[in-house]
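2 protein chains.
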Amino acid sequence: MSTAIEVRTPSANYTVHIGPGLLADLAQRIAALHTTPKAKLFVVTSPVIWSHWSERFLASFGGTQPVVLQVLAGEQYKRFSTLESLAEQLAEHGADRDSILIAFGGGVLGDMTGFLAAIYMRGIRYVQVPTTALAQIDSSVGGKTGANLAAGKNLIGSFHHPLAVFADIDTLSTLPENELRAGLQESVKAGIIRDRELFDYMEAHTAAILAGNHEALTRVIADSVQMKVNVVAEDEFETGVRMLLNLGHTLGHAIEAATRYEQLLHGEAIAWGMIAATSIAQKRGMVTSAQVERITNLVRAYGPLKPFTADVHELVSLTAKDKKNRSDSRRFILPVGIGDATVVRDVTEAELTVATEELFAQMPTREDLAEANA
Amino acid sequence: MSTAIEVRTPSANYTVHIGPGLLADLAQRIAALHTTPKAKLFVVTSPVIWSHWSERFLASFGGTQPVVLQVLAGEQYKRFSTLESLAEQLAEHGADRDSILIAFGGGVLGDMTGFLAAIYMRGIRYVQVPTTALAQIDSSVGGKTGANLAAGKNLIGSFHHPLAVFADIDTLSTLPENELRAGLQESVKAGIIRDRELFDYMEAHTAAILAGNHEALTRVIADSVQMKVNVVAEDEFETGVRMLLNLGHTLGHAIEAATRYEQLLHGEAIAWGMIAATSIAQKRGMVTSAQVERITNLVRAYGPLKPFTADVHELVSLTAKDKKNRSDSRRFILPVGIGDATVVRDVTEAELTVATEELFAQMPTREDLAEANA
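Going down the list, the sequences are from chains A and B.
Using our numbering, you'd call the opening residue of the first sequence number 1 and step up by one each time.
Using our numbering, you'd call the opening residue of the second sequence number 1 and step up by one each time.
A portion of the hints provided could be inaccurate.
Note that the list lumps identical chains together, so a pair holds whenever it fits in one copy or between two copies.
Computed list of lysine-lysine pairs in DSSO-like fashion (alpha-carbon distance at most 27 Å, straight line) [unchecked claim]:
#1 Lys153 <-> Lys283
#2 Lys283 <-> Lys40
#3 Lys40 <-> Lys153
#4 Lys38 <-> Lys306
#5 Lys306 <-> Lys40
#6 Lys283 <-> Lys306
#7 Lys306 <-> Lys153
#8 Lys283 <-> Lys38
#9 Lys153 <-> Lys38
I should point out that these hints are in silico values taken from the structure, not numbers from a laboratory.
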């Protein structure tokens, strides 16, 4: 009942498996990927994930258990110091060029483990076993790995594809609901920029998806991954169409930076970014008011849009620092109707300021939210 | 009067320029390599090199001076913490995806700057301007970049080719003589493993080469680079013939590790490793005693072989940790006559122990050396 999506890029081919029950025969699935019988396996995971899933994870490995390295996840730990500690532990445990890392956790853990694999002994193999909606939908696919600097998120990293991705949706059952909802904003994004059918499906089946229905969740995640895979296949190193994946991300990253990653989850910030992009697109006549309403309603359905505190001018100025901006151009991704999007290079500070002010105008107060929950 | 060597690999093509006077028009040479007129340039250099060469280096840049980042060179600084500090400085100075780094210094500095370029924003461009014999002959060519862990040297890194290499041999004039001699051991190695003519030339022109004669030095460095380029072109990611470049390095790395990189320069350790490998090859009938004598004499001519203090058993056990060893095989590169070499996989601990004991038997005492210098 799982779905397999083939990823073909100039530098690597691999399969993304999505569905329930994948952990049950994970060892056999990984063994089938390589021909080095003595390859040592190392699991990199977080204490939270491991406390929930270690038994299920290890069951299939039988007599040859992998070495388990636990590391705190969270953006504040996604740093060189964590990478260095992990690399030293790999060396202590005798990891060599044939060794294979298994990233078992969310997006931060997958990004770091992939980056570790990219640079340990100048590159070893790794497998992604993502356990959050965000990681399953987005970050485990595409070969982007990285870590943060004080100066910004993901400012260091590599392109390094995994041997395979195993997204077991069972693991989402221990994910806090707000993280499930925030992760699904990336699926909303996928629908808006390239997949109208996915958009329609997410509108029609919101309740089933959020309740964790296996079929509905597998479909939404698989369609989102397929969209991303198609885009990445066209543009492995992000010089063209892959930029569309950044819908909502320019302002979203600014919101995350302005709030020091403390107030909103990534998907919650991206949700606001999509609302702002849609508003700019509307004023430019790229989406109708009916389309704006559908987009806004879908984002809210997987919300709620969470309030945050930041200064409009700081947000606008932070968008100029996004690393997607080369030299002096400032880019923005805008929707074109539903199911299409485009890159524009001439969004002005004035447009951005208006769109950002609108966000604050429609932002629920904490009292509104308390009332809605009552 | 400089020599240009073309490097062609599946992932990059670039030119290595070798000769005197290259700094005189460095800015124009770098400008000719790219078409991004506003590419910001960043020089990464060491205080020692910069104190000798900053004026000559900057002269050609005229009105658009590069940003200069100084960092202490030396194996103990070739760590994640240095990379992080450099990456933060790049971000502070607004380095973006179009920016170009210029590595101006020795091998450690080139390895770190190349690695920084490999991972900053998931990869930006860089140029190598090596200033030591070791860096000009060996480490600036081949695309290997990296840094050290506590657990070992170069255990993290990337393959990332420069846009070009400019090896200005004028900069060798401020290099301490022992570093010049140690670096030239890599040329001796090039002669032994693949270039009999280079070997002959280095025998016949030892005095001119060591005196820094422009023509002789340019020829030796260029021939060494050409040999390495040919090997790397055949085997970019070090899965086959490129392993031959490690002649002397398995034991050499063990000596460096056992002496904590404090007693010998890299080339001085490699010199001992070549003597040991030649001895093992002799016992296996792969080199004649006349060839052993020529090899040993040439290594000594670019020496002297410097004494070091270490335990034989520790050295032998450290060779098993060399990262060139995959899983359970132990490899060694052995000369086959002069101008050829081969990879053997069955060197026993007993053979290694004997060869290592022989090194200590022929090691000059510090008193011998003092006498020779008197």
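Each hint tested on the structure:
For the identical chains of this complex, Lys153 and Lys283 are neighbours neither inside a copy (31 Å) nor across copies (57 Å), given an alpha-carbon limit of 27 Å. When the C-alpha separation of Lys283 and Lys40 is checked against a cutoff of 27 Å, the pair qualifies neither within a copy, at 56 Å, nor between copies, at 35 Å. For the identical chains of this complex, Lys40 and Lys153 are inter-copy neighbours only, at 21 Å across copies versus 31 Å inside a copy, given an alpha-carbon limit of 27 Å. For the identical chains of this complex, Lys38 and Lys306 are neighbours neither inside a copy (49 Å) nor across copies (40 Å), given an alpha-carbon limit of 27 Å.
In this homomeric assembly, Lys306 and Lys40 never come within 27 Å of each other (Cα to Cα): the closest approach is 44 Å inside a single copy and 39 Å across copies. In this assembly of identical chains, the alpha carbons of Lys283 and Lys306 lie at most 27 Å apart only when taken from the same copy (24 Å versus 75 Å across copies). For the homomeric pair Lys306 and Lys153, the shortest alpha-carbon distance inside one copy (21 Å) is at most 27 Å, but the shortest distance between copies (48 Å) is not. In the homo-oligomer, the alpha carbons of Lys283 and Lys38 never lie at most 27 Å apart, since the shortest distance is 60 Å inside one protomer and 33 Å across protomers.
Proximity of Lys153 to Lys38 under the C-alpha cut-off of 27 Å is restricted to the inter-copy arrangement: shortest distance 24 Å between copies versus 36 Å within a copy.
Comparing the model with each numbered hint stated earlier shows that hints 1, 2, 4, 5 and 8 do not hold.
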